[in-house]
Amino acid sequence: MELLGLDVLFKGSNAMRLLQGLGIAVEISIISVVISLILGMLFGIFMTWKNPVAKVISRIYLEIVRIMPQLVLLFIVFFGATRALNINISAELSSIIVFSFWGVGEMGDLVRGSLESIPKHQYESAAALGMTKGQIYYHIVIPQAVRRLIPMSINLVTRMIKTTSLILMIGVVEVMKVGQQIIEANRMASPNAVFGIYGIILLLYFLVCWPISMLARHLEKKWSN
Amino acid sequence: MKKKLLGIAAVAAALALAAFVLVGCGSSSSSAASSSASGSGSAESSAASSGASASGVFRTLDEIKASGKIVIGVFSDKHPFGYVDEGGEYAGYDVELANRLAKDLGVEVEFVSTEAANRVEYLETGKVDVILANFTVTDERAQKVDFCDAYMNVALGVVSHNDKVIKSLDEIGDGEVIVITGTTAETYLTENNPEIKLKKFETYANAKTAFENKEGVAWANDNTEVIAFANAAEGYTVGIEELGSLDTIAPAVSKGNTTLRDWINEDMEKLGAEKFFHAAYEKTLMDVYGADYEETLVVEPSK
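Protein chains in written order, with our numbering: chain U, 197 to 421; chain H, 16 to 318.
Don't read these hints as lab results, they were simulated from the structure. Hints should not be assumed to be uniformly reliable.
Sample of chain U residues with no beta-carbon within 12 Å of chain H, all distances over it, derived [unchecked claim]:
(1) Ile-227
(2) Glu-320
(3) Ile-332
(4) Ile-379
(5) Leu-399
(6) Ile-408
Here are the simulated DSSO-like cross-link-like pairs (lysine-lysine), alpha carbons at most 30 Å apart as the crow flies [unchecked claim]:
(7) H:Lys-80 with H:Lys-290
(8) U:Lys-329 with U:Lys-207
(9) H:Lys-318 with H:Lys-118
(10) U:Lys-358 with H:Lys-215
(11) H:Lys-285 with H:Lys-118
(12) H:Lys-214 with H:Lys-182
(13) H:Lys-212 with H:Lys-179
(14) H:Lys-80 with H:Lys-118
(15) U:Lys-316 with U:Lys-246
(16) H:Lys-118 with U:Lys-207
(17) H:Lys-214 with U:Lys-358
(18) U:Lys-207 with H:Lys-298
(19) H:Lys-214 with H:Lys-229
(20) U:Lys-316 with U:Lys-418
(21) H:Lys-290 with U:Lys-358
Beta-carbon label-pair distances, calculated as ranges [unchecked claim]:
(22) U:Phe-391 with H:Asn-280: 27 to 33 Å
(23) H:Glu-297 with U:Glu-223: 39 to 45 Å
(24) U:Glu-223 with H:Thr-311: 42 to 48 Å
(25) U:Thr-244 with H:Lys-84: 47 to 53 Å
(26) U:Leu-398 with H:Thr-273: 46 to 52 Å
(27) H:Ala-294 with U:Leu-215: 31 to 37 Å
(28) U:Arg-262 with H:Thr-224: 25 to 31 Å
(29) H:Asp-154 with U:Ser-209: 38 to 44 Å
We put the CB at the ideal spot given by N, CA and C, even for glycine.
Chain U on its own, in the form it takes in the complex (with noise of 0.2 Å):
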């Protein structure tokens, strides 16, 4: 305990308090998460049209998501929304938009690259046998896509809840912040609370990553056979 500086846990309200800055860090993942999956796979759609608009609009937008920094976005959109615009969004509706805008392009990437690997003869003979466009894709399309879509979101998905670590440079306490303050305020102390509490905000986002790997991994086998 002493060693791992784990002590430093049972002081007052600190493990409850490192819980609440968890639960701040997967509310806002989560409805990120929700937001990125629903509009994300309308994007996904919208960048498989043969429209060269379309295109270039999905492009640009994509690349955007790829290549700016999440940590940029979110000073662009806290700090820059307010210096520009004159318009006060706070910090937790800053990081839900960005993380949003992120995991819409990406999503919608990976919808795209689900709905591409449908091989076209798949389209063709569903065509052939009658089929509308609509009756295409939620009979034949779409089902196989999100099949092998899972893998990948999930991944997503992962990656979105462990970055909400970037949003307390805007001042968001949640649960990194929470323990580097309580590493802070006990290092003469506890030095070693470093370890210690580094190690438990490891265990807390394994936990909370663990089980959607699991309801993955599920999913797959379910709808392999």
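We have chain U already, so just place chain H on it with the hints.
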């Protein structure tokens, strides 16, 4: 056809990116320590932009009173100046003053956890009313924010590992010096010793961990910080106790928020008369620096 499309997409993407980068630079140049040569120019432009939306950027003293709440940016991981205790309450030397100011103003206080790198930005966008986060007064910052009276003295210090104590900057050689982005130490070394390699970290906690893991030969920061760090942990020595000029630490408000600044100055003079800051030192800093540093560090504001 396909090639043409790709070409169009690439050009459009490049344009959009250029626009984005411009926007990004616009907002970041004022937060990062820009070179002092462009200082007067940026001061003018920031004054102009705040003039355009004078009442929008910050809240005046009356607006704060009317809302019943003052928003103060403090450190939440910088013991013993601003930190959060095990009960989840903000505490420390800066926080003592913050609480007293709110009490004298007759309003509730709401603390915002800031990082060294974003303190100026918080004031420039009016997201906090006051920054009380161990904020060193510099000319460059004074062009972007308004400082109140000082309540503490500080200089830069350099701490190094006992097995290779750095006593002057010449001894650094090829080694890397750890600094925290946005601190006085970063600006000073960049301007005066550009030949020294810096290893920059965004947060105090990250810099400390990196230094303890022997990344970098030395850590440059405010001398209070390095003295406290070396006093608390085994194996470190403050080789350079005072580097650069002696600076002061003061509360800061948004540029042009004179009603709030004048009130804070007035209140701090009252506090100085009752030796409030000595009491605050004894309550929060004594354990870390000992009685020896009290007169050196504490400033009681007076007229």
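Against the structure, the hints come out as follows:
1. Ile-227: Answer for U:Ile-227: holds, closest chain H Cβ roughly 21 Å.
2. Glu-320: holds (21 Å)
3. Ile-332: Holds, because the least Cβ-Cβ distance between U:Ile-332 and chain H comes to about 24 Å, which exceeds 12 Å.
4. Ile-379: With a cut-off of 12 Å, U:Ile-379 comes too close to chain H, as the shortest Cβ separation is near 6 Å.
5. Leu-399: holds (18 Å)
6. Ile-408: It holds; U:Ile-408 is separated from chain H by about 27 Å at its closest Cβ, greater than 12 Å.
7. H:Lys-80 with H:Lys-290: OK: H:Lys-80 and H:Lys-290 at ~26 Å, within 30 Å.
8. U:Lys-329 with U:Lys-207: Cα-Cα ~62 Å, so violated.
9. H:Lys-318 with H:Lys-118: holds (22 Å)
10. U:Lys-358 with H:Lys-215: Holds. U:Lys-358 to H:Lys-215 sits at ~22 Å (cutoff 30 Å).
11. H:Lys-285 with H:Lys-118: Measuring from Cα to Cα gives roughly 13 Å; hence the hint holds.
12. H:Lys-214 with H:Lys-182: Holds, because 19 Å separates the two Cα atoms, which is no more than 30 Å.
13. H:Lys-212 with H:Lys-179: holds (17 Å)
14. H:Lys-80 with H:Lys-118: Roughly 11 Å separates the two Cα atoms, so the pair holds.
15. U:Lys-316 with U:Lys-246: Holds - the C-alpha atoms of U:Lys-246 and U:Lys-316 are around 15 Å apart, at most 30 Å.
16. H:Lys-118 with U:Lys-207: The hint holds at about 29 Å.
17. H:Lys-214 with U:Lys-358: Roughly 25 Å between the alpha carbons, so the hint for H:Lys-214 and U:Lys-358 holds.
18. U:Lys-207 with H:Lys-298: Holds: U:Lys-207 and H:Lys-298 sit about 21 Å apart, inside 30 Å.
19. H:Lys-214 with H:Lys-229: holds (12 Å)
20. U:Lys-316 with U:Lys-418: holds (26 Å)
21. H:Lys-290 with U:Lys-358: This hinted pair is violated, its Cα atoms lying about 47 Å apart.
22. U:Phe-391 with H:Asn-280: 27 to 33 Å: Violated: the Cβ-Cβ distance is about 45 Å, outside 27 to 33 Å.
23. H:Glu-297 with U:Glu-223: 39 to 45 Å: holds (41 Å)
24. U:Glu-223 with H:Thr-311: 42 to 48 Å: Hint holds: Cβ distance 46 Å, inside 42 to 48 Å.
25. U:Thr-244 with H:Lys-84: 47 to 53 Å: holds (50 Å)
26. U:Leu-398 with H:Thr-273: 46 to 52 Å: holds (49 Å)
27. H:Ala-294 with U:Leu-215: 31 to 37 Å: Holds, since H:Ala-294 and U:Leu-215 (Cβ atoms, about 36 Å apart) stay within the stated range.
28. U:Arg-262 with H:Thr-224: 25 to 31 Å: For U:Arg-262 and H:Thr-224 the Cβ distance comes to about 30 Å; the hint holds.
29. H:Asp-154 with U:Ser-209: 38 to 44 Å: Given a distance of about 43 Å, which is inside 38 to 44 Å, the answer is holds.
Of the numbered hints listed earlier, those contradicted by the structure are 4, 8, 21, 22.
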